[in-house]
Amino acid sequence: MTAVLYDIPGPKARARNLTLGVVGTAVVLAIAAFVIYRFIVTGQFDARLWEWITYVNIQYILLGALGNTLSAFAAAAVLSLAFGAVFAAGRLSEHKWLSVPSTAVIELFRALPLLVLIFILFFGVSRGLGVDIPAYWAVVIGLMLYNGSVLAEVFRAGIRALPRGQGEAAYALGMRKTQVMTNVLLPQSLRAMLPTILSQLVVVLKDTALGYIILYPELLYQARFLGSQGQLGAPILQVAMVVAVIYIAMCLILSGLSKLLERRLRRSPRAAATEETEEREVAAAQAQGGGGTFGD
Amino acid sequence: MNVLFDNLPLYGVGFLGTIELFVVAAIGSLILGTILAAMRVSPIPVLRSFGTVYVNTIRNTPLTLVLFFFAFAYPRLEIADISFFWRASIGLILYTSAFVCEVVRSGVNTVPVGQAEASRALGFTFGQTMGQVVLPQAIRSVVPPLTNTMIALLKNTTIAAGFSVIEAGGIYANLSERGYNVFVGLLWVALGFLILVVPLTLLQRNLDRRWSPSR
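Chains as they are written, first to last, in UniProt numbering: chain E, 1 to 296; chain H, 1 to 215.
Here chain E stands alone, though its shape is the one from the complex:
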């Protein structure tokens, strides 16, 4: 599309584009330069404020925090996939007594802010019902309920986007409902769904950072802790930058994986044609969950 919007530029357009390019670059560079200037003026580049990176103890603290983040992510990812599968199956069911409650659960948890959900689990349940939920499980269950509901919609959209003939043919061959689902519908739709599922997992990984707010000792929590240590010169800006790099690197790896998979799946041309419509509907289902912490 982008290539059709304009002609191959002539001399005049080239000159104009160059000016715009130079001006744009200048603006971006000016913003970057200003930030770096403030860094220098306020002494944020002082060696003392960066020294903490070399301390082995601190490296272990960060490594442990990273482990906490990843273990919350792994548990939440597995649980939300299971939750999504169960409730998608429930919503697709022909029995009203199954599909109506499943729909209600999915819609409810997609509409609630994740943080409110986590607060209810962590503060509410312990003080209201007397059942203490550790911070780790509050984060994991919160993530499971929210992302599981979004994934349920992704699964449902993926299965409904398949051509109807697929299911009908399977029924005509005398397959049972479960067989139709597991042998015919799921294998086909999973291909289209995989990239979307992975990008939803990026959301799970990003949202583990919410654990910081209920003091689950993950990366951001340790960043706050290290950043307030007077002995180190309270290097909160520096710690925040390092932690940001870690988060972005982890998410980029996951996103990269989903892009790679997408390209792999595209490669077979026969599949690509039907998958395109399917993917669009699947992606739309995910977007409704709200792009992520946005969803997406």
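Just so you know, not all the hints are guaranteed correct.
Incomplete in silico selection of chain E near chain H, CB under 8 Å [what the hints assert, rightly or not]:
id, residue
1, P9
2, K12
3, T42
4, Q44
5, R48
6, L112
7, R127
8, G128
9, L129
10, D207
11, L210
12, V243
Since the hints were derived computationally from the structure, they do not count as laboratory data.
Here a beta-carbon is modelled for each residue, glycine too, at the ideal position from N, C-alpha and C.
We have chain E; now place chain H onto it with these hints.
Then chain H, alone, in the frame of chain E:
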């Protein structure tokens, strides 16, 4: 019930804060997001790559981290002393605009190529092609997902409550100080969000149903 009626002003202030934050961040991110989208489809390679880098970085950063940065690290740069509310707004704008950009850009991409080709053939310039042919058609496929982005933004404002912005997400802390039942109090907060989010969701589905089959 008591928890709600005894603390009605608290809930009022909280949800008012949520709505204020939402409106400011929504307007800001729509503007910045559209600018970014324009950069990403523009004929100038430098601007295109700036847009791409920005979007890819921000989309892979947790919002909590962005707000963390503005709450604790930003003051160290001593640029300007702005309130928590505005810092949270800036964080939300920077974060949400990356998602708005992607929605607008993919909306532009859904317009059939023939439309742009035809207007190019008629001698329209880039500005005319975009303004009179592509964008009016793109709006149909942009508005429903954009509503989704805005719903997500509304929900995301709660995270600002974790960084001392007065906001519905922070109501529980006040309640527990006053010795009320936090569980019930939080359920009311959840209900409040349902009341805010459900109409938007219904609007989004309605738009989606009415507009998308036309292509």
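Okay, the hints, checked on the actual structure:
For E/P9, the suggested interface contact is upheld, since its CB lies about 7 Å from the closest CB of chain H, less than 8 Å. Look at E/K12: its Cβ only gets to about 12 Å from chain H, farther than 8 Å, so that hint breaks. At about 5 Å, the closest approach between the beta carbon of E/T42 and any beta carbon in chain H falls short of 8 Å, and the interface hint on this residue holds. Because the closest C-beta pair between E/Q44 and chain H is about 7 Å apart, less than 8 Å, the hint holds.
With its C-beta approaching chain H no nearer than about 14 Å, E/R48 sits outside the 8 Å limit, and its interface hint is violated. For the restraint placing E/L112 at the interface with chain H, the shortest Cβ-Cβ distance is roughly 5 Å, inside the 8 Å limit, so the hint holds. Contact between E/R127 and chain H, as hinted, is supported at the beta carbon level, the nearest pair being about 5 Å apart and thus within 8 Å. A distance limit of 8 Å between C-beta atoms decides the matter here; for E/G128 the minimum to chain H is near 2 Å, and the interface restraint holds.
Annotation: E/L129 was flagged as interfacial toward chain H, and the flag holds, the nearest CB pair being 7 Å apart, inside 8 Å. A least Cβ separation of about 7 Å between E/D207 and chain H falls short of the 8 Å threshold, and the interface hint therefore holds. The beta carbon of E/L210 comes within 6 Å of a beta carbon in chain H, closer than 8 Å, and the hint placing it at the interface holds. The beta carbon of E/V243 is positioned within 8 Å of a beta carbon in chain H (closest approach about 7 Å), and the interface hint is therefore held.
Comparing the model with each earlier hint shows violations of hints 2 and 5; every other hint is respected.
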